[in-house]
Structure formats: structure tokens, C-alpha cells
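A.B. asks: So you can see what is in the structure, the chains are spelled out below.
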Amino acid sequence: MESFCEEETLALWGSRSSTKDAFEAIVKRHMKDAYFIALGLVGNHDDALELSQEAFFRAFKNIKQLSSKGKFFPWFYQILRNLCFSHLRKRRVRRADSLEELDGDTIQANVSDVFDPEMVAERNESKDRVWKAIARLDDKHREVIVLRHFQNLSYEEISKILFCNRGTVTSRLYYARKRLKEILDREKGGRQ
Amino acid sequence: MTCQDHKDLMMAYLDDELDQQQKRAFEEHLASCAECARQLDEFRRLKQLTDSVSFIEPEDRIWQQYWDNVYNRVERGLGWILFSMAAILLAIYGGFKLIETIVTDPDVGALLKVALLVLIGGLAILFVSLLRERLYFWGKDRYKDVRR
Ligand SMILES: [Zn+2]
Chain A
1 MESFCEEETL ALWGSRSSTK DAFEAIVKRH MKDAYFIALG LVGNHDDALE LSQEAFFRAF
61 KNIKQLSSKG KFFPWFYQIL RNLCFSHLRK RRVRRADSLE ELDGDTIQAN VSDVFDPEMV
121 AERNESKDRV WKAIARLDDK HREVIVLRHF QNLSYEEISK ILFCNRGTVT SRLYYARKRL
181 KEILDREKGG RQ
Chain B
1001 MTCQDHKDLM MAYLDDELDQ QQKRAFEEHL ASCAECARQL DEFRRLKQLT DSVSFIEPED
1061 RIWQQYWDNV YNRVERGLGW ILFSMAAILL AIYGGFKLIE TIVTDPDVGA LLKVALLVLI
1121 GGLAILFVSL LRERLYFWGK DRYKDVRR
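So the sequences go chain by chain: A and B.
Residue numbers 1 to 192, in the numbering used here, belong to the letters of the first sequence in order.
Residue numbers 1001 to 1148, in the numbering used here, belong to the letters of the second sequence in order.
Treat the hints as calculated values from the structure; they're not laboratory data.
Certain hints may be false.
[As the list claims (entries may be wrong)] Capping the alpha-carbon separation at 16 Å, the derived lysine to aspartate or glutamate pairs in EDC-like fashion look like this: (1) A:178 / B:1008; (2) A:61 / A:21; (3) A:181 / B:1042; (4) A:127 / A:187; (5) A:90 / A:138; (6) A:188 / A:128; (7) A:32 / B:1057; (8) A:178 / B:1035; (9) A:132 / A:113; (10) A:178 / B:1041; (11) A:181 / B:1051; (12) A:28 / B:1068; (13) A:32 / B:1068; (14) B:1023 / B:1008; (15) A:132 / A:187; (16) B:1047 / A:182; (17) A:20 / B:1068; (18) A:20 / B:1075; (19) A:32 / A:54; (20) A:178 / A:138; (21) A:178 / B:1042; (22) B:1047 / B:1016; (23) A:181 / B:1041; (24) A:127 / A:116; (25) A:127 / B:1051; (26) A:61 / B:1075; (27) A:28 / B:1060; (28) A:181 / A:138; (29) A:32 / B:1059; (30) A:188 / B:1042; (31) A:132 / B:1051; (32) B:1047 / A:185; (33) A:71 / A:157; (34) A:32 / B:1060.
[Claimed, not checked] Listed next, with one range per pair, are the computed distances between beta-carbon atoms: (35) A:168 / B:1095: 55 to 65 Å; (36) A:67 / B:1063: 23 to 33 Å; (37) A:19 / B:1104: 44 to 54 Å; (38) B:1064 / A:86: 27 to 37 Å.
Glycine included, every Cβ here is placed at the ideal spot set by N, Cα and C.
Using the sequences and the hints given, assemble the complete structure.
C.D. replies: Structure (C-alpha cells):
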């Protein structure tokens, strides 16, 4: 994700022949990041493709909201993550409705069903286990893990797109990793 | 430095986000604190495990069609707006024609005509009030995608 911190002001829009061309350039520059982040958040190819494309469409519709000095990606990321989170929330509600008397853990486990193990490159048992555990994290915890480990962002970059300070990034990462460790340990204990 | 501060420092140490001075200070603490050293070891293993996971690349076709798929939504959105505008105009026109026929029809009783006009009046008031509400909330609604 080398490009998201670059200046991408609306001045760029003026220099292009049309808004459409300018937006096409922006989509092509950011589509892989958008897709892979969505994939990390929602766990399967179809949803990630659909949600990331929908996010670009909404960004295009609301492009006037982006102030002239604003950078595109942090602004766009808010749209993308809200779409992904509300998609997950809806799925959880649906699951909870269809299956009665489930505790939060079981619902979370059910949602993690749609996290496709086939998405992981060069699969093996330990990678499958980690991916499954990541699926079971809370959304905000999964988010920092995705940004740090899959997107390889620095704390500085994460704090920019989450609109929070470094301290928040660090402590959220700490709790996310602690939780991830707990899930992995518990699962290991349960199997033996 | 107390062990309380260490969850932050430990993460930053693990992710190589500390400057030289902070790094040295943390390493000094590690040398004297078995608990932090043990935790760091566990987190390090977890980080290795997590870093080993990466995603498969989708086919090239997906990237080639990506922009077209986004732009199709824009066109589709525009299509829907034009379609619904035309549909509303046609419905209004048809409605007026229908009312005109009924009101000018001598066979229809006066009471029915009055009832019909009152009904239309009521609908119009409801429509205007709904429209006003939508316009009022529209200003606040616009930012619902961007929650900071
Ligand atoms: Zn310590």
C-alpha cells in the first residue's frame, strides 16, 4: 500500500479530462488494497469483491464530501470499513434469528463459517488454524490484525486511516493479539 | 518504567516501531523481568504465525473487470433515477386524467366527488410533509457513511 499517504488532492481531478477518468485512475490504484482489506475483514472472495466495489461506487457518489485538501484513501477507508462491518452485523443478526438460544461465542463461531479457508495461500494446518482464529476475533480487533499483518502498515499509517492516535493503535493491537493467542490456546487445549 | 507500561512498548518493540533509546530501555527491562521476557516470546511466536498467513491472488480477469464493475453501478444508479422520475411523472399525469373524468362525469354522485377531492387533499398534505422531513434529514444523513 505504498500510495495511500501520497497527496491525492482534488486538484488532480481538474487536471484530468473528466471526473470519470480521474476516478478510474484512483480506483485502479487502490482496488487491490480495497479488495484485500475487505477480504481480511469479511473472509471470502465474493463478499470482498462486492463490498469493495460498492465502497468505490459510494465514494464516487459522495466525492464532494472529500475536502479539497483531503487524501482519498483514509476517507475511502471509512466507507469501506463501515460497509464491511454492517455486512457482518447483518449476518450475525440473521444467524441469531435463525438459531435460537445461542451465546455470543457460538454466533461469532457461526459467522466465522463463511471465512473461506481456500483464501489462504499455500495452506497448511497451522495457517488454517490462525485464519480460523482471526475469523473469530471481534471486528475491530480483526481490523488491526489485517492492517498490521496482511497490509503491512506502520502504526503511523494505521492511525491515519483509523483517525486515531498511535496509543490507540498500540493498545488495540495488544488486545487483539492477546485475544488471538487465547483463541489459539483454547482451541489447542480443546482438541487434545 | 513499570510493567504496566509494557503492553504498549512490547507491541512497538515487536513491530520495530521504537527509536534506539526506547529500544535500549525496553531491552534493559527485559533482562531484569522474566515475566515480560516470557510474554514477549509468546507474542513473537504469534507474530511469526500470523505473518505466515497471506491471501491468494485472484485471477487477472478480476482486476481487468474491476473498474467496469464499479462504473456499471454508477450508470445503473443514473438509470434508476431517470426511470423513477419518469414513472412518477406518468403516475401523476394518469392520476389527474382519472380525477378529471370522475369529477366531470354527471353520473357520479356529488358526495363521492367531495370524498375523492378530500382524499386527494389529504394525500397531498402527507406527501408535502414527508418531503419536508426527507429534505430536513437529508443534510444530516449525508454523512452516514463516514462515521469518525
Ligand atoms: Zn516487566
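A.B. asks: None of the hints should be skipped; say for each whether it holds.
C.D. replies: Hint by hint, here is what the structure shows:
no., hint, result
1, A:178 / B:1008, "holds (12 Å)"
2, A:61 / A:21, "holds (15 Å)"
3, A:181 / B:1042, "holds (9 Å)"
4, A:127 / A:187, "holds (14 Å)"
5, A:90 / A:138, "holds (15 Å)"
6, A:188 / A:128, "holds (13 Å)"
7, A:32 / B:1057, "holds (10 Å)"
8, A:178 / B:1035, "holds (15 Å)"
9, A:132 / A:113, "holds (9 Å)"
10, A:178 / B:1041, "holds (13 Å)"
11, A:181 / B:1051, "holds (14 Å)"
12, A:28 / B:1068, "holds (11 Å)"
13, A:32 / B:1068, "holds (15 Å)"
14, B:1023 / B:1008, "holds (12 Å)"
15, A:132 / A:187, "holds (10 Å)"
16, B:1047 / A:182, "holds (14 Å)"
17, A:20 / B:1068, "holds (11 Å)"
18, A:20 / B:1075, "holds (11 Å)"
19, A:32 / A:54, "holds (14 Å)"
20, A:178 / A:138, "holds (12 Å)"
21, A:178 / B:1042, "holds (10 Å)"
22, B:1047 / B:1016, "holds (12 Å)"
23, A:181 / B:1041, "holds (12 Å)"
24, A:127 / A:116, "holds (12 Å)"
25, A:127 / B:1051, "holds (10 Å)"
26, A:61 / B:1075, "holds (11 Å)"
27, A:28 / B:1060, "holds (13 Å)"
28, A:181 / A:138, "holds (13 Å)"
29, A:32 / B:1059, "holds (12 Å)"
30, A:188 / B:1042, "holds (15 Å)"
31, A:132 / B:1051, "holds (14 Å)"
32, B:1047 / A:185, "holds (14 Å)"
33, A:71 / A:157, "holds (13 Å)"
34, A:32 / B:1060, "holds (11 Å)"
35, A:168 / B:1095: 55 to 65 Å, "holds (56 Å)"
36, A:67 / B:1063: 23 to 33 Å, "holds (30 Å)"
37, A:19 / B:1104: 44 to 54 Å, "holds (51 Å)"
38, B:1064 / A:86: 27 to 37 Å, "holds (29 Å)"
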